[in-house]
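Student: Read off the chains here:
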Amino acid sequence: MAFIEVKKLSKIYQMGEVSIKAIENVSFSIAEGELVVILGPSGAGKTTILNILGGMDSPTSGTIIIDGTDISKFNSKELTKYRRYDIGFVFQFYNLVGNLTALENVSLANQICKNPRDSKETLVSVGLGDRLEHFPAQLSGGEQQRVSIARALAKNPKILLCDEPTGALDSKTGKMIIKLLQDTCHKTKTTTIIITHNAIIAQIADKVIKVKNGTIESIEKNANPKPVEEIDW
Amino acid sequence: MLIFKNSLIKIKKQLGRFISLIFIVALGAAFFAGVRETSSDMIKTLDEYYDETNLLDFRIISTMGLTDDDLNALKNLDNSYLVEENYSYETVIAGNATKIYGITDNINNITLISGNMPQNENECVVLEGSYNIGDTITIEDENYNSYLKNQTYKVVGTVRSSMYIYTNLGISTVSDGKLDNVIYILKDNFNIEYYTEIYLIAKDSQSMTAYEENYEEQISYLRNELEELAPIQETKRYEQIKTEAMEKIYDAREELDKTKAENETKFADAKRELDSAQQEINNGYAEINAGFAELENNRISIEQEFATQEAALNNALNAINSNISALGIPTTSISDSLNALNTQVTSINNLITTLDPTSEEYAYYNNILTNLNTLITNLNEINNGFTSLNAGKSTWNNTYNATINTLNENKATLDESQITLNSSLEEYNQNYASFQNEINNGLQEIADAEAEIANLEKPEWYLFDREDNSGYTTFLESATKIDSIAAVFPIFFIAVAFLMCLNTMSRMIEEERTEIGIFTSLGISKFKIILSYVIYVLTATVIGIVIGLSIGYTVIPRVLYNVYTNAFIIPSLKTYANIPVCITIIEVCILTMSLVTIYAVAKNFKKAPATLLRPLSPKSGHKVLLEKINFIWKRISFSWKVTIRNLFRYKKRIIMTLIGISGCTALLLTGFGIKDSISKILDLQFKEIQTYDSMLILNTEQNNENEEINTFLKENNISNPLYTNMQILSFKTDNKTIDCYALAFANTDITKYFNLTDKNNNSLNLTNDGAIVTEKIADLLDVSIGDTITLHDSNNEIYIVKIAGISKNYINNYIYMSKDYYELAFQEITYNTIITNISDKGDQLLNSNYFSNIQYTEDNITMLQDIIDSMNNIVFLIIGFSSFLAITVLYNLTTINISERLREIATLKVLGFNDKEISMYVYRETIILTIFGIIIGLLFGIALNYFVLMVAETDEIIFIKDINYLSYIYTLIIMIFFTIVVQIITSFILKKVNMIDSLKSVE
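Sequence order for the protein chains is W and B.
Here the first sequence stands for residues 1 to 233, numbered as in our numbering.
Here the second sequence stands for residues 1 to 1003, numbered as in our numbering.
Among the hints, erroneous ones may be present.
[To be verified] With a Cα cut of at most 20 angstroms, we get these calculated SDA-like pairs of lysine to any residue:
no.: 1; chain 1: W; residue 1: Lys114; chain 2: B; residue 2: Lys916
no.: 2; chain 1: B; residue 1: Lys992; chain 2: W; residue 2: Asp57
no.: 3; chain 1: W; residue 1: Lys81; chain 2: B; residue 2: Lys916
no.: 4; chain 1: W; residue 1: Lys77; chain 2: B; residue 2: Trp633
no.: 5; chain 1: B; residue 1: Lys819; chain 2: B; residue 2: Ile697
no.: 6; chain 1: B; residue 1: Lys992; chain 2: W; residue 2: Tyr13
no.: 7; chain 1: W; residue 1: Lys120; chain 2: B; residue 2: Trp633
no.: 8; chain 1: W; residue 1: Lys77; chain 2: B; residue 2: Ser987
no.: 9; chain 1: B; residue 1: Lys13; chain 2: W; residue 2: Gly16
no.: 10; chain 1: W; residue 1: Lys81; chain 2: B; residue 2: Ile697
no.: 11; chain 1: B; residue 1: Lys916; chain 2: W; residue 2: Tyr82
no.: 12; chain 1: B; residue 1: Lys991; chain 2: W; residue 2: Asp57
no.: 13; chain 1: B; residue 1: Lys623; chain 2: W; residue 2: Lys81
no.: 14; chain 1: W; residue 1: Lys77; chain 2: B; residue 2: Phe988
no.: 15; chain 1: B; residue 1: Lys652; chain 2: W; residue 2: Gly98
no.: 16; chain 1: W; residue 1: Lys77; chain 2: B; residue 2: Lys916
no.: 17; chain 1: W; residue 1: Lys81; chain 2: B; residue 2: Leu990
no.: 18; chain 1: W; residue 1: Lys81; chain 2: B; residue 2: Glu917
Just so you know, the hints here were simulated from the structure itself, not pulled from any lab data.
Work the whole structure out from these sequences, hints included.
Tutor: If you want it as structure tokens, here you go:
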């Protein structure tokens, strides 16, 4: 049994008389510690997959088994718990709390976990040891995203979910972030799922799941993921 | 078109915000319009009432009454519109000072409430609330008929009068000085030869609104004329009275002289008659006496004659008897002698016959016989003489007796006549004496009248206007009071509403920054963009104004007016939509709301559209001051640290929230505070300052303590009666006449019934150096210990009183004096009241005839309590509106707080914060702000309460400005309750926050 087992996942949005199938019959599996990229153009349904994986939404049908537990039928309380203890989330727009310092932003997530990592160490590990007391507005985009990653990591999650982590960044900074994610994944053995429309990022993944029109187009295992330095933006 | 659609969409999208905007505007407008309108509605309602009932503008009374000439002179004034004469008379009925008026036709018309108007001379109507229909009123004054034709009147109806709109009817010249009842009868029932008063209405005064300055100006023309006319008519009246009096005197004197002349002749005639009668009687007596004398004379001469005759007879007899005796015949009596002689004759005759006639013997015997016969003849003659003498005697005796009888009878008749005459004489003497007396009295009266005329004072006119009617002025004061409260509260509401709107709009525009950017970059004119927001705001504003004004104009004035209908007898309120105020409110609301919106939108136009399209760069967070105090900061839990940091991040919101919450708290506290202080003064006044239970009004005023009454009281277990002189006096401030009670006591120690203390709670004692006056008097007249004040009684008599102490007091104004000081400053004391501590036994005491009335403190308290209870309406109004405001403000602020931090909250949700943690994340700020807001609000509330109560104080009342601790608690509970309610509402909003929002790009 894989660490993440998604089977025949469908999500249908009922908009009055019309029903829109966001995703249909999506199945895949992810092993523990794997770095996976879910790739697809806008409107392909990758955000829906992300929402369901992240415990922010429930599927219409199908199952998602995470580490042996089926979360597809979770109620909102159970989902909150799932998000709290199992998921680390990295947002496209960082979503830091503006009036908390980098350290405090990390601590904010930290305090609700059972077994958190030390906030300071985590920030040091993402290379922001000298930016602890800075407020988000005083940080560059890349630095903010690193705080965001640190915040996700500090929770010591089972899964690190990244939603277009480089979407709001220039290529150089984007590369640095991707490298950080890759390194972290390898170092900490945290299962990492990156959702993006950027095919280049897919090169560094252990597995690439391509989504198109709400269905899985392909699942490719990448035997030799490229180091970030080698990919070309 | 597009703009309107856009606005419509905005409304739909932000319905909660839109509704809260409506609410805020509605509350502000309602309160502002309502409270502002109340006083002008009140004044207009009363003005209409005054005009309907033709309330007088002026009332003239004169010390010597008024005449038709006065009436005509007044009618001829250029500025008089209506003039009417009337009569009035004040008297005490069943211990109540009662004023009786004639029913007027044109001025001061009374309004029938129930029953009928009087049709007959023995019927009357009364002001509602005193007598019942069917009651009989009997005038107790013995001299009633110098004023009224009838003594008893039947109550046939109850009425209202615009002259008496205040339950406190004013002062009276009789009884304790407080007018208790007013009665109206037909004018014809008065027996007074002059008019006691004349009422006037000035030209065009009714087209002015009462109380307003142009009314004062309008009546001033007539006032000037009246002031000019007064001395003329006074002189006329004086001359008239003097002439009339002089004429009367002359007539009286003439009459007297005539009477004197007439009567004196009559008396003289009578006297003469009496004298001649006496003369007659005297003559009678003289005649009788002469009769008696004559009779006596006759008797003497006759008796003498009888004696002479008898003597002659006896002599003859004796002579014969000696002859007879010589014959040997006894002479014991004539008849015996005769018999013996006759026997001899017979025997001689017999002898003779036998004898020769020629014989000697014969001759002898014949000789003897002849002798004998001569003897017999002589004896017979003597005997006849005796017989006729005796017959004469007897006749005489009869005559004599008859004459005596006649004379005596005549005398008796005369005696009777004398007696009759004597009584006539006596009668005459009496009559004459009384006639003399009468004449003297008449002369004295004339002399007195002359003296009086010599001392006759010039009559004086007193001119009264509406301001001298305590009901009229008190009402204005009450209405003004509402106005001054009105000035405070609505401004508060409007300010809060304004702030809330500003807050809401800036938030909304911040949220829609990108939209504005898009529109601008699409080349839509700034004007149109602004317009779309202005339309949104104005839609809310207009709906709010409509709701607000309709509530404000209808509900609030009625609620407030009801308070006054307890103390005033007035028609029900007519609400007028005051167009200028309406327009002002609409203008102010629309203008401020639009300006706020334009300002908030226009702020964004300073930036290039491109900047607008980019997300607003987040405000840099920074550390707060508290963090520098490490040892405190260290101890604060992380979540509280976050809260504190957040708090200081949105300074504008903090200020708004603090103002909103503290404002509502202050309003609530003031509401409760007003209630507290009003109910507190009752206790203080009647349980701490004036502790007596009752006042017994004496039937007859006493110069000293009356032992009889004291004994009676003792029998009824009433101890320590305090003999008191109570009267109502007035004093004048710049523009008002204010009544006060003056009490003078027989004892200097009155602590049993009065605890008089100064500001510092030192007790004050009565002295003979001056009077103790209550605080308000000192305040109003701006005087202090040692100063003097001038007091007037209802006859305009002036008294100067020196202040020896100023005592704490809450209700009414009092002047306390010792007996000695009273006698120094006023006059000799008479006691009309006894102060005691009884709360029942009224019937027993009233049956005793010592007391005409008993006033129980308890009744006073009950009456005041009624008024206070109705004040609760105001309090509930304030509390209700403040509560609405509080909820709206809290809701508005919290929703804005959430909307500003929607992304943050969504993020926290994604990070796995549960609902409770997220709620707390927001609530912690609200709780801190609410706590601070409440604290500030309570402090502010104390000040506001103080201000409002100070404004609300009347000339008779001082409010306690302390607030009960319970009121703080109530305010706290209400505010906490509202906070909780709003938090519950927001927790639903928070639950609805969609996590997916956190993934969206920053807008």
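Student: Hints first: check each against the structure and report whether it holds.
Tutor: Here is how each hint holds up against the structure:
no.	hint	verdict
1	W:Lys114 / B:Lys916	holds (18 angstroms)
2	B:Lys992 / W:Asp57	holds (14 angstroms)
3	W:Lys81 / B:Lys916	holds (13 angstroms)
4	W:Lys77 / B:Trp633	violated (33 angstroms)
5	B:Lys819 / B:Ile697	holds (18 angstroms)
6	B:Lys992 / W:Tyr13	holds (18 angstroms)
7	W:Lys120 / B:Trp633	holds (19 angstroms)
8	W:Lys77 / B:Ser987	holds (16 angstroms)
9	B:Lys13 / W:Gly16	holds (19 angstroms)
10	W:Lys81 / B:Ile697	violated (85 angstroms)
11	B:Lys916 / W:Tyr82	holds (16 angstroms)
12	B:Lys991 / W:Asp57	holds (14 angstroms)
13	B:Lys623 / W:Lys81	violated (32 angstroms)
14	W:Lys77 / B:Phe988	holds (16 angstroms)
15	B:Lys652 / W:Gly98	holds (17 angstroms)
16	W:Lys77 / B:Lys916	holds (11 angstroms)
17	W:Lys81 / B:Leu990	holds (18 angstroms)
18	W:Lys81 / B:Glu917	holds (12 angstroms)
The structure fails to meet hints 4, 10, 13 from the earlier list, while all remaining hints are met.
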